[in-house]
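Listed in order, the protein sequences are those of chains L and D.
With my numbering as the guide, the letters of the first sequence map in order to residues 1195 to 1924.
With my numbering as the guide, the letters of the second sequence map in order to residues 69 to 514.
FYI, nobody ran anything at the bench for these hints, they're computed from the structure.
Any given hint might turn out to be false.
To be verified - Computed spacing ranges between beta-carbons, pair by pair: (1) D:LEU128 x L:VAL1229: 14 to 20 Å; (2) L:LEU1238 x D:ALA155: 22 to 28 Å; (3) D:ASP383 x L:ARG1578: 39 to 45 Å; (4) D:VAL117 x L:LEU1238: 32 to 38 Å; (5) L:ALA1603 x D:GLU366: 48 to 54 Å; (6) L:TRP1241 x D:PRO268: 44 to 50 Å; (7) D:PRO473 x L:LYS1339: 48 to 54 Å.
What the hints assert, rightly or not - Derived SDA-like pairs (lysine to any residue); straight-line CA-CA distance at most 25 Å: (8) D:LYS414 x L:GLU1542; (9) L:LYS1339 x D:ALA183; (10) D:LYS351 x D:ASP308.
Stated by the list, open to error - According to the in silico footprint, chain L covers these stretches of chain D (three or more CB under 8 Å from chain L): (11) 156 to 167; (12) 177 to 184; (13) 253 to 259; (14) 319 to 332; (15) 433 to 444; (16) 453 to 459.
The beta carbon of each residue, even a glycine, is placed where N, CA and C say it ideally should be.
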Amino acid sequence: MIQDPASTTPVTAAAEEDPLGSLLDFLTDPRVLEVAAIAAILTLVLWLLLSLRRSIRSLHGRRQLVSYLDGLEALLSGDPERAKKRLAPVVEADPENLGARLALGEALYALDRPAEAHRQHFEAQQVFQAEGPTMLLSLARDLRKAGEHGEALDHLDRALDKKPRDEVLLEESWSLREEMGRYEEAYEAGARLLPRSDDQARRRRLAQTAALAGQCRLVDGDRGQARRWFRRSLELDPDNLCARRGRLLCEPELALSGLEQDATALPATTGAAAALPAPLATAERLLALCPEAVCPSCGAERELGDERPCPACAAATPPRFVVAGSTAVLDDPQALCDEIEESDAWFERLAARAATGDEDAREDLVDAGGRALCQLLTVWLDLRDERGKQRLELLLVELGTRHVEELLAARKALRERRNRVLDLLAGARNLDRELGRVFRGLGWEALPRFERLLEEGEGLADPGLRGLVIDYFLGLGDLQVFEKLAPRYSPVEIVRHLNQVPPQDLVPLFRKLPEGPSFLRDALLLDPNLDQDRALVEAYAACEDEAAPRFEELFAELGPSRDLWTGLVGLLDRDEPARGRAATLLALHASASVRYLVPPFVDPERDEGTLARLADLLRLAGGACVHELVRAFGSSPSRVDQRCIGLLASLGPTAVPALVQAYATHLTLLGKLQSALFRGRHPRACLVEALARVPGPEAEAALVQLQGRESDADLGSRIAEALRRRRAGT
Amino acid sequence: MSMFGFLGKANPLRLGGAWLRRHPWLRRLLIALPILLVLALLEPVVGLVEKLLSLLERILGPLLDTAVGRAVLLVLVLLLLAFLVYAFARDRVLDLFRRHALSRHLRACEALLQAHHAEARRGFQAVLRLGRWFDLAKGPAAEHGDLAVDARLKLARMALEDEGPKRAHAILARVPRNRATGSLALSHAELSARVYAVHPGQLQASVLEVLAEAHETWPGHPGVAELYVERLLAQGRGEDAADVLGRTLRKARKSQGDRVRRRLAALELALARAALAAGDLAKARARLKRAGQHDETEELLLLRADLALAEGQVDVALRVLAEVESPLAKERIRRLLADGIVDARKLLASVPRLDALVALAEHYLAQGDLRRAGRALRACLREGEPSPRLFALWASFLAAERRLPEARRALMLALGSEVDPEASKDGGDPLSSPFPGPGWRNRQTR
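Working from the sequences, and respecting the hints, build out all of it.
Printed below as a string of structure tokens:
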């Protein structure tokens, strides 16, 4: 610049006078301003150039930018597959392209490949220093999808520390904590979101979270806290079933109060329930609080047939059963059906189980009552196991007593169903004969029905049923009631039927033998066709003391019979008074009963008391018993030999002739059978010993006599030895 | 230089050759220099040069003497420079600015990916400003498309997310459609569909038109198709909606095919349901068949059962219901029982499952057939896992039978949810046992 010399002089002068004025003059000098303007323009241009240079330099090293931009656009417009296809080569060629890496991570996440997405996000964070809550959120989502909930929560918490009010972060925190079962923390996150958009769906969801938190507390045993959580839930959503049930669970008495009193304590759920009786209404209302179906996404209760999206979370997934095993396959549906419908097959199965001792099955049959009788009878008749048969018999008696009509009907049905010829071929038992046992067991409850049956002419037309009626009256064991048969049955028919009845079943009636003439005594017991002596003996043993003479008279009138004697002998093993009565009767007829007394006497298993009683009775018979006792000696020594020898010896001199005769009989017999000679040696030796023990000269004379006759050297020496001892007094 | 090329390594200009190749004007000056030196030796030429310089001094001298003149001179110099740049380096300068715009765009994209929306918005707006002066359809990213359009689309996306559909629509409306090509055209279509679908002020017909266009542009996009389908369904055009989804299914990518297939199956089911409700069984059957080609869902099976029932084929219906282990199937079973269409034996023979048994028990309970209800419930409790529902049902039965103490106990069990028999044996509190509620499994595995 060329300056004007004239113009500079005053300025310099002024500057010398006033430095500030001279500075102002300098600054206002047009040339200075020109220089400044030019400098500013140059600076601006330079800055512009440098900025451009710096901006363009950031592009240096970038590769495949078109792919990057395409991939990013694809990602943003919802095509993660194309985004991944475009971005993956970019990241490979240009690993420092942070944007491409982040976009690729997002694309992989959208493609449901969380592990690969996490790798990209992780490298972006760790290697390329990508920071911020969004980065942490991406990492948290990757980890959550990959199942690493704990780590995901750490990242999310760090992100929330940086941006505590971020809606996306809070939403993610809420759902993640819910998924982890940390409902209380989830509630806190959800509660922070609620004031921002208080929509109904969010309130319901938060209520569900609170209810679940309450359930957790309840399980932990903290009912106070649980109650508070349920209250919070109900404040948010009064219809939340989970919270309502939980509240009742905290206070079960509240739930059950309507059971015995009234049902007003519970909130009404349906109009129908309110009209029910109080206990039923309580149950119905509680039923409404026990949902069957839940939303598989959020766990909220759903209506059973609700095909709409979940009201709590809007998921379109159909509801699922609350209990996973609700659709378990039934093992035998037909059997269950039989059970529910109480079909014949079911009762047959129950009967078979009851026969094995299954108490539940027995109770079920009792519960079923008369309906089960026909099947029960069928199983009982076909059963071969005696124990099982007895169990079912008891059950039949129990049921038949209460359901006589059904029992008769079942018998009739069964009789019609059974084919006689086939049954005969198959060896099936006679139905009515088998049933007699049951009918004899029916108690007094059934009497009116049987009395009616007696009055009904048609009822007694069936011969099998006639016998069963006799069985029933017989089973009652009451003489007066039994005599009601007399007008409708002939004694012959009754006697014939009684002969088919086991003796023990006759005893209750027989033991009530009345004094003097009676239908029982004269028409039945004295009938020579009645073949039930054992039953009479048992009745005699079991009767009252005053009735015993009546039986003794009866026995006297009937005369002796084998069954009678064996029965009486059998009574000797019993307790008093049966033992005493039998002993008395046998003593009266000692000679006649000897042959029935000896067999039990030589029984090695008998106890000493019975043996003593038998010995006494045999002694009463005297010599008459010798012959029977000698028969007890075998061809070789036995345990009972000494018992018989002792008894023979105890008979005394009166038995000597009989003993000698027995010795001789054996000799004669054996003499005829030379080959079996050695077999008679032992009985004769026993007789010698018995004679040797009998005191008195008769016995010694008998021995001498026998010694003279005996040709067997061994026996002879035995006799000699016996004689020597007797004489020696040893 | 080429004249010394034959010298090979002895070429004296070899070292600077590379530098000169990058600066052609200096190279030309170097070539012209010997000629000028020769000319300078000539007097007339020198004189002419002197005259030219003096002329220049006379012209510039007055200008340099005054401030205005100097300013004018400066302007002239700058204009000359600009002219020279325009004449000789126009492409280079434009490329420079386009690269600058690309750089800003990339930075904005990065900010967008890191959710720094304010920074991203500033970056995209800068790109838009540059786009006013420079044609950003050209440049290093020309294959991608116009950067200005791309920036505007991204601004619209951010606006839709942060500020609502109105602002997004305002930005989107400024996108020149003819400049949105390739992937940008697809993106524009997708964004338009989303914006119009949620825009509160648009007419239904306009929305449908935009959605149809968007679907036409990008038929394989499931999101666009779903938005379109929703609108069509709202107008009762189910058949058209199915066509749209069918086209989308054919064009969709593999990873998105399942989503479209499920949606199409659901739509076909909805149409079948509507046809069934209208009594058009043939149409319902055809729709069901089509739905079955796409996805065999629980709903499909249930609807198949419904159709079989409508056709009077109860056995077929039961066979189908036996395949569905769902509360919805149980509800249908309950209805069948209530209507007397099936009896217990037939039901259990066809659907031998616990839920069918429970339905049967509930049916008997509702009918007042307490004896059978009791037997069925007992079988349920024996055969299946005890649940609060079963206990509550049992309690209902007991209450109906007036067995109140037992009913009370059953209700306690129902309230206590799952009953632990061992705990009960030990005298434990049945109410402390856990619920079979949601999230329990997670809680236990926490």
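query: the region 177 to 184 of chain D covered by chain L? Criterion: 3 or more residues, Cβ-Cβ distance below 8 Å.
result: holds (count 6)
query: Does D:LYS351 pair with D:ASP308 here, judged by a C-alpha cut-off of 25 Å?
result: holds (15 Å)
message: Tell me whether the statement that chain L covers the region 433 to 444 of chain D is true, taking a Cβ distance below 8 Å and needing three residues at minimum.
response: As far as the region 433 to 444 of chain D goes, the hint holds, because 4 residues have Cβ atoms under 8 Å from chain L.
Satisfaction of hint between D:ALA183 and L:LYS1339, Cα-Cα up to 25 Å: Holds: L:LYS1339 and D:ALA183 sit about 21 Å apart, inside 25 Å.
message: Verify this for me: three or more residues of the region 453 to 459 of chain D with a beta carbon less than 8 Å from a beta carbon of chain L.
response: holds (count 5)
message: If you count the residues of the region 253 to 259 of chain D with a beta-carbon closer than 8 Å to a beta-carbon of chain L, do you get 3 or more?
response: holds (count 4)
message: The hint says 32 to 38 Å between D:VAL117 and L:LEU1238; measuring C-beta to C-beta, is that right?
response: The hint (32 to 38 Å, Cβ to Cβ) holds, given that D:VAL117 and L:LEU1238 are roughly 36 Å apart.
- prompt: Does the Cβ pair L:TRP1241, D:PRO268 satisfy 44 to 50 Å?
  reply: holds (46 Å)
task: Given the range 48 to 54 Å, decide if the beta-carbon distance of L:ALA1603 to D:GLU366 lies inside it.
output: holds (50 Å)
- request: Check whether three or more residues of the region 156 to 167 of chain D sit with their beta carbon closer than 8 Å to a beta carbon of chain L.
  value: holds (count 3)
- prompt: Is the distance from the Cβ of D:ASP383 to the Cβ of L:ARG1578 consistent with 39 to 45 Å?
  reply: Given about 42 Å between the Cβ atoms, the range holds.
field: C-beta pair D:LEU128, L:VAL1229: status relative to the range 14 to 20 Å that was hinted
entry: Between D:LEU128 and L:VAL1229, where Cβ atoms are some 19 Å apart, the hint holds.
Hint violations for this structure: none, all hints satisfied.
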